[in-house]
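S.K.: Here's the letter readout for the chains.
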Amino acid sequence: MNRIDSTTGKLRRGITLAFPVCLLAIGLTLVFSQVQRPAALVEVWLPWTEIGILALTMTAVILCGGIDLSVGSMVALCGVVLGITLQWEWPLAVALAATAACGLCAGAFNGGLVAIGMSPLVATLATMAFYRGLAMTLSGGQRFAGFPDSLRNCQTIAGFPLHFFCFVFIALAIWILIHRTRPGRWCYAIGDNRTAARFAAVPDRRLDLFLYTLNGSAAALVATLHAIDENVAIPDAFRGTELQVIACVVVGGTLITGGEGGVLRTLIGIGIVTHLEIGLRFMSYRFPLLTPNSRLVVIGLLVILVAIWNQRLQRGKAST
Amino acid sequence: MVDPEAPPLLQLHRIRRTFPGVVALDQVSFQLQPGEVHALVGENGAGKSTLINVLSGVLQPDEGQIELLGSPVVLPNPVEARRRGIVAVHQESELFPTLSVAENMALESGLPVNKFGLVRWHQVEAAAANAMSQLGPSWHTDTPAAELSVAHRQMAQVAAAIEQQVRVLILDEPTSSLSRREAEWLFSRVQTLKKAGTGIIYISHRQDEIFHLADRITVLRDGQHIWTRPADQVDSSGLVMAMVGRPIQIERTRSDPERPRVASPELPPRLSVKGLQSGQVDSQPVDLQVAPGEIVGLYGLVGSGRTEFAQTLFGITPAVSGTIAVDGVEHTIRHPRDALAAKIAYVPEDRLREGICRHLTVRANLVLSSLRRWTRHGLASLARERQTSAETVQQLAVRHRSIEQPISQLSGGNQQKIVVGRSLLTAPQMLVLDEPTRGVDVGAKNEIHQILRNLADQGHAILMISSELPEVMAHADRIVVFREGRVSGEFDPATASTSDVAEAAFPAVTNQLLDTTAPKTAARGKLGLRVPVAQWGLACVVLLLACWLWTTTKDFDPWLQLTYATVWVILGLAASSVIIAGGIDISIGSLLALSAACAAFVLRLDYAPTLTIPAAILLATVVGMAGGLTNGALSLVGRVHPIVVTLGTMTIYRGLVIMLLGGRPATGLPPLFPRLAIDPQSGFRGAVLATIVLVCVVHIWLQHTRSGRHIFALGSSPTAARLVGISGKRTWLLAFAAGGGLAGLAGALQLAISGQMQSRLGNGWELGAIAVAVIGGVSIQGGRGSVLGVILGALLLRLVTSAIVRLEIPGEQVDLLTGAMILAAVLCDLGWQYLRPRVRFAWSRRISQ
Amino acid sequence: MMPKLMGIGYFEATREGAEEAARELGIELTYDGPHLDRSEDQAQQVSEWTTLGFDVIAVAPVDPEGISEALRDAQRAGVTTLTWDTDANADKSGRSVFVNQAPNEAIGYKLVDVMAEGIQAKGESLAGNYLIVSGSATASNQNTWMEFMKQRIAEKYPEMKLLPHLTPNEDRQRAQEQTAEALAAHAELKGIWGITSVSLPAAAKATRDAKRAAQVYVTGLSLPSEMREYVKDGTVEQFVLWNPVDLGYLTIQVAHRLHGGNLKNGPQTMGRLTNVEVRTGEVILGPPMIFNRDNIDDHRF
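Protein chains in written order, with the working numbering: chain Z, 3 to 322; chain F, 9 to 857; chain R, 2 to 302.
Honestly, the hints are just simulated from the structure, not real lab data.
Cβ coordinates follow ideal geometry from the N, Cα and C atoms, glycine included.
Each hint should be verified, as a subset may be incorrect.
[Unchecked claim] Derived, one-sided and incomplete: chain R residues facing chain Z with beta-carbon distance under 10 Å: (1) Glu41; (2) Asp42; (3) Ala138; (4) Gln174; (5) Val279.
Next up, chain Z with everything else stripped away, as it sits in the complex (with noise of 0.2 Å):
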């Protein structure tokens, strides 16, 4: 009996993975396709690691119910950060720190604004801009480049991109964080109801400030990963990626609401929006019809639809 169940659930869960895994194919088939130097791959790649480490941690923050709009500018400041602070000749482990404690700081001010009672959209609108104001104030619009070669060596471990060791770092940690430890378990029960998790002695107040601050040091991590690939910190950049990586969030399956999703299907998420994007932009340059602004057009579509897909088989059967 239970086992029948526990399929019958499984294969559910299977249905509402597939559609998103036939947009991953397609995506994957798009990409390797059209290219010639598969080797020149992983830079494309790396880019989107940085996408990627910010939505995995917006996960845990989708989850519980609350959205990050702030966190493009939050990755530009703590750039902004790490580049006055070596310019000052700072030794480069104190720089460093400073621009950890700087995407601490920026998260946990966002989540002390939700956790006294400001709506998330509100108030991460409002640091949005903040931040970003305060990013072009401390650098004077300029950007920070050159920075030392003891950063710049650490792009490659064993002849791998260290972007790719912190992605799979944080999707591991932010994978046992969110379904293997209590916190994880105190977003679902949040997102899903939050006066009921509060009668069941969840913080969540706590919680709150907890995964706020957990985005904000994702971005200190990002900007820190952006400097040692680009070598520049600009104080403009980043504008408009929270709204790539929460689709990324979305696509994968993830509710906007909270409650229901999970890591797994923001790692497919993120490699559906990377490869649709970057794949039907080469299918523009074989293919005439498709001009290149049309994608901005199929990329929109496919948000929405996957998004009703995925509310329909989620909520469709559950709220019966």
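Model the placement of chains F and R on the given structure of chain Z, informed by the hints.
M.R.: Chains F and R alone, transformed into the frame defined by chain Z:
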């Protein structure tokens, strides 16, 4: 006074209604004569609420027939019932919290409009003022409903219902939180209605009221009709006996009679509460002790303060004074975590809202409070969780298919067992259960009682809150009765009679007279509390900034400021109309560009400008509306949050803009078009003029038409909107279409102001628009906001930008200031929301002293 | 070939030229770029193009530092890289050559000279306040031009007083608003330079709307197609630009020669362009052009 032989106004024939596992109404027949007050009495769970819900169209009967004025009617929804003149005032009210009391009252019956389709606010105000002038001095018809106390909300509903000239009025516990004076007002209204021939169904626990008002009394018990008698043939004790007085045949779940159960020097109490008082207005200090192995039944009516007491004990609403000790150790409990640490567990009353996470699995719900026990080194062990869950589920005899199925698939009783199981897994010494058997079928009820008895035998102390007398009589070792926020009696179920216990719980005639000698009065007079202070503050800031700029610069040009603020005003309104309805649209920036691109396309056609310009403006509006409608429709059809939909359409619309423009900027528009917005020769600022007109139109629409008010109502409370017959879908689409249309107009205006456009026009402006709305006091939760606020928000942003250029501050700091301003605006609003009821409360205290 | 930004007139004009050259030379040309001026998008697309097996990639960098690493990676993967319109960090990026529209020095000086001559031709003195409306604070070529402009002013026209420049972030609406603000704040403003194709028309529009065209001399860098209106009604007398169609054309010509390994130094003829100057690491289109009422209708871009 009432002619029983006259044709009945309302007649119910053998109504039957079941819920899964429970027969709520079993073949109940009921009659109501015109001009009759018919009291409906029974215990909680006797079926009164179901009967009311069937009558008012909320629920449909499984069997049976409803006849109104002799002809059978079907009441598929509350709107239809209301249309036929059946109005119910429910005990738990549904109001629009952000709307004024007057508007709440008017929405119930549909807003009155004049021949131009504008709301007759005078009539609304007058009707409300008329209804409420009799309620006492504490009333402002323009107070937002959220700020009313429970009593006042109820009175507002009664007043609203009475205003409607109804045929059948159903009053469910209308006086449960009213003072005597307020109640007397109600009684006089009831008498007036009676004379007018209205039939009134009156539900109350207060016998004095029943005997005072009712012509006939019907008693329900366990979903069955017991009897209907004229009121003058019934006496108080007979009534109580009829309600609760069936022979209590349930076996008492008592084992081991030798065991001492009541606290004594040899057996120190497990829980000892002294002078505990919650922060609520009406709460009283409470003393209570529970011994190990004892089940204390906490009996009281709904609203008697028992749930508040339990929640204070559990740290949901922290206590303001008093002590809580478990096993002699005092604990400070400010959060449910503290309560769990003190070994107190709580099973909440409202299972769906407070108990379960519906979409999570049985296992996840079960282990939620005790996760620490199943984690090792911070990692959860699924195997241990599953094992424990399986054991607990078996122990509690939960009927289920799998512990990995969503809990929503279980029946109510089994869900309740899971919630009990959850609190048991925290290894409590003290277990507080609030209505543990509400909405649970008989079989599961008995099982739950057996579980509680077993727990008590294991040495747990149990506090069982119930409003069912037989339940506490049968299963408690001791009964504590709550009334009006404090303990009103203590009984031993073995020796006490049911009527004694009932008497302690039901407010009696004499008590009530004593209790309400000090009538509640609240502030009256122009406190200015109603006026949105945030908006005054904003207006002052805008004015100060404008004055400062005016005096410090030689050539300050207010027209210039206004011209450049116009697009933001309109775009801010576009964002607001969607946000007020409870949605959000982040595609308006792209939509603005799309509309502008379409307009530019028309303008560049080779026709006379007098033809193309109106056509272009019209097209821009239509395109915007279509885009907005698409957003609204997609989120409705797909049941997806609008932020996801508009995230997608934002990209789509931007793609369309680029395709439409072919990557080139749109230049070479007819020169007349930009001159309509700003004419350098004459200094004519058509943009400002057009915006003023548009703003007036939007203001009239939002403030003075039904459809505009329905947008506020939907955003304020979708549930209440459904109950008063507002079509949620239509209103939702309307809000999105209006938002889109406004964005389209903003696009046309922007095109005229710049005289050309590029494909990235409006990129990121959606956030600016939302910022304008939020700074202008539009609540992101919906239901609150004003056109004036949005204008002020846009002006503020404009002036700040201007000041930045004047002060020669680097342009980079614009973002910094914008962010800070949003934060300041929202923080002010939050602080004000927090302070306002407190200020009001303190003020009313001072007045009454 | 990658522009800074898709969908603006200047880069559409360069695309025209590039396609023309590609047709002449029989080259397969792909012209694509970011829709937002985000440096990281450009870097991303350069990496993507590397995988597609392009032989030559030509980029007009949004940010000279932001693109450098991506260009170097492409070069390591065997792609010939060059920059146009704006240079990347020459050492770090390893780009073969920078196709320059005109020497930065010449542009900066020319902008100042045009203003000075224009005002002097009206018989007025140069003394007064002047304003530069730039594109964005991070745009390096604009910053370089401004350096040279300041140098020229200091050397030749010390009576010109520069106000702090405006950075409207390449936003047309913002540029117009900020210029209008500045016009209102400084009644004695003498001249405005708009040094991007977005800023100049915006500045001209603001000046015209404020009815100050007679007092304030507006000039700068922009496209004839965007400026036609303002030149014709006299708001702007003359402005500076190179021929963007030729720039695109030249870029593809240079790319073709680079790939064939036959790019020699010295002045030479490339396709329909005569007198192109090739230096080490730099190709220069020629001196900037002046557009005024007489020649503005001769150009389609």
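S.K.: Close enough to count: is the Cβ of Val279(R) nearer than 10 Å to one in chain Z?
M.R.: 28 Å, violated
S.K.: Closer than 10 Å between Cβ atoms is the bar; does Gln174(R) clear it against chain Z? Give me holds or violated.
M.R.: 17 Å, violated
S.K.: Does the CB of Glu41(R) sit less than 10 Å away from some CB of chain Z?
M.R.: 6 Å, holds
S.K.: Was the hint right that Asp42(R) lines chain Z, CB cutoff 10 Å?
M.R.: Hint on Asp42(R): holds, closest Cβ of chain Z at ~9 Å, below 10 Å.
S.K.: Is the interface hint for Ala138(R) satisfied, with its Cβ closer than 10 Å to some Cβ of chain Z?
M.R.: Holds. Min distance 3 Å.
Comparing the model with each earlier hint shows violations of hints 4 and 5; every other hint is respected.
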